[in-house]
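Protein chains: 2
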Amino acid sequence: MEHVAGTDAANPTDGGDRPDPGGRPGKSEQTRSLILETALRLFRERGYDKTTMRAIAQESGVSVGNAYYYFGSKEHLIHGFYDRLTHEHITRSRQELRGVRDFGDRLQVVLSVWLEVAEPYHAFAVQFFRNAADPESPLSPFSAESYPIREQVTELFADVLRGSSLRIDDELAELLPELLWLHLMGIVLFWVYDRSPERAKSRAFVARTTPMVERVITLSRYKVFRPLVRDAERLIRDYIVPEGTTPPEQRG
Amino acid sequence: MEHVAGTDAANPTDGGDRPDPGGRPGKSEQTRSLILETALRLFRERGYDKTTMRAIAQESGVSVGNAYYYFGSKEHLIHGFYDRLTHEHITRSRQELRGVRDFGDRLQVVLSVWLEVAEPYHAFAVQFFRNAADPESPLSPFSAESYPIREQVTELFADVLRGSSLRIDDELAELLPELLWLHLMGIVLFWVYDRSPERAKSRAFVARTTPMVERVITLSRYKVFRPLVRDAERLIRDYIVPEGTTPPEQRG
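Chains as they are written, first to last, in the UniProt record's numbering: chain W, 1 to 252; chain X, 1 to 252.
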C-alpha cells in the first residue's frame, strides 16, 4: 500500500493538512480525522478483521482512493489511532507534570493520564487486543512499525525522571525510561482485561505499583544490585525491545 | 454440563478408568484418551472455536453422550489437556531433579522440561492462546478452574527450592513458589510467540533468565529488600493470584 500512501500526485496542494492560522484544523486534517473516527466506530461495531477499507470509505462518504491516500491500509488506521492516543497522553501528561518534583508523583501522573485518555476506547481495546498481542504483528507495541510511538513515550518517561528530585546515575538513566515503558505495557495488559466499573481496579493497581517502582529504583543504586541491572539491560536488548529497531518509513 | 459429567448412572461399573494390575490403562482410560487426542487434533485442524463436541464424538467413534460423560464441555477437554501436560511436566521434572542440588540448575531443569513436553503442542498453543489470554476465561492459567493445576506446579517449584542448597527464610519461602510459577507463565508467553526453529530462542531465554532469578532471590535476603517483598506479596494476592481461590468441583 506504500505506493498509494506515498503518491505525491494524490497530495492535496492547498496545504490543508495543517491547522489554519486561526488554530482550526484544515480540511485535509478534518477528512483524515473523519476517516479515523469512522474506522474506529466500524472496528467496534463489526470487529477489526471484518471491517474493510471499502466499508470505511463508504461510511465516511469519501472515495476508496481518498481513504487509501490518508491511510495506506487498516494497519495504518490503527497506527493513526495509536498516534492520536499517544499525542493526547503526552500533551496532557506534560501539562500535569508542571511543578511536580517527586518521582513517584510524576510517575503516577503519567500512568493515570494514560488510563484517562484510553478509557473511551476500552471496549475497542478488548476486541482488538487479540490482533496486537503477537509481538511480530505490526500492530504490537513491540513492533518496528510502533517504534516512533514507543520512542515518544519512552522520551516522556525520560522526562519523568529528569524533572524529578530522584538521583539516578548515568547507567540506570539510560535503561530506566524503557523499563518504565515496559511497566506501562504491563498496566495496559491489566487494563485490557479489567471489568471493574470505569476501570477502578486499574487505577488502584497503578496507585499500588507506583511506590513499588520507586522503591525498586531506589534499591537499584546499591552496588550489589549492579550485575542484575546489567543483565536486565542485555536481556531487554536481546529479546524484548531490540536496540536500533529500524523505524519504518514515515507515514503520511 | 455439570449434570452430565457428574451423573453416577453414566459411570462405567467395571472400574475401567484405572490402570489394570498389569499397568496398562483400562478401557475407560483408553476411551478418555482417544477423545482427548481427537479433540486436540480437531482443535489444531479447525480451530478451537469451530470444533463442536458432536464433531469430536463423531471423529472419536463414540456417542455424543459418551463424549459428554468423559468431558462435560470443550473447556473440560482443555483442562484434560492441561492435566496431561502438567502430569508429564511434573513427573519428568522430578526424575531429572534427582541428585541436583544447585538452585539455578534445579530451576533450569524444571523450565527446560516444560519447553520439551510442550513442544509438540506449539502450533496448537499459538492458535489457542487467544482463548486463554483473558484471565477471566476458565481456560486461563489464572482462573479458578485452573487452580488445581496451578497448585501442583507451584508445589513443584516449592520442591525446587526445598531440595536446593539455597538458604531462604520462611517469609520468602512462602511467596517464592508462586513467583516462580509467574516466571514460568512469562516464559510460556514468550514461547507462544517464538518463531525460531524448535523454539531455540525460548531455550536461550530460559538459560539467560535463570541466573537472573537466582540473583534476585539471593539479593532479596538483604533487609533493605524486605518492604518490597511484602508489597509484592500483597499485590500478587490482591490482583494476580488471589489466595483462597475456591477450587472448582473435581472433574470426572
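Worth double-checking, as some hints may not be accurate.
One copy or two, either will do: identical chains are not told apart, so a pair holds if it fits within one copy or between any two.
[What the hints assert, rightly or not] Cut-off 20 Å, straight-line C-alpha distance, at most; resulting in silico cross-link-like pairs (EDC-like, lysine to aspartate or glutamate):
{"hint": "1", "residue 1": "K27", "residue 2": "E233"}
{"hint": "2", "residue 1": "K50", "residue 2": "E178"}
{"hint": "3", "residue 1": "K50", "residue 2": "D102"}
{"hint": "4", "residue 1": "K201", "residue 2": "D105"}
{"hint": "5", "residue 1": "K74", "residue 2": "E37"}
{"hint": "6", "residue 1": "K201", "residue 2": "D231"}
Source of the hints: derived by calculation from the structure; they are not laboratory data. As the structure is a computational prediction, the values presented were derived from the model and not from experiment.
Within a copy, between copies, both or neither: which one fits K74 and E37 at a CA-CA cutoff of 20 Å? within (13 Å within a copy, 38 Å between copies)
Checklist entry - Taking 20 Å as the upper bound on the Cα-Cα distance, should K201 and D231 be classified as within, between, both, or neither? => result Answer is between; shortest inter-copy Cα gap is 17 Å, intra-copy 33 Å.
### Message
At most 20 Å between CA atoms: does that hold for K27 and E233 within a copy, between copies, both, or neither?
### Response
Neither, since 46 Å and 54 Å both go past 20 Å.
Margin query: For K201 and D105, with the copy left unspecified, which applies at a CA distance of at most 20 Å: within, between, both, or neither?
Written below: within (19 Å within a copy, 38 Å between copies)
query = When no copy is named, should K50 and E178 be tagged within, between, both, or neither for a Cα gap of at most 20 Å?
reply = Neither way: K50 and E178 sit 34 Å apart in one copy and 40 Å across, limit 20 Å.
Check: When no copy is named, should K50 and D102 be tagged within, between, both, or neither for a Cα gap of at most 20 Å?
Finding: Result: close neither inside a copy nor across copies, 47 Å intra and 53 Å inter.
Checked against the numbered hints given earlier, the structure breaks hints 1, 2 and 3 and satisfies all the rest.
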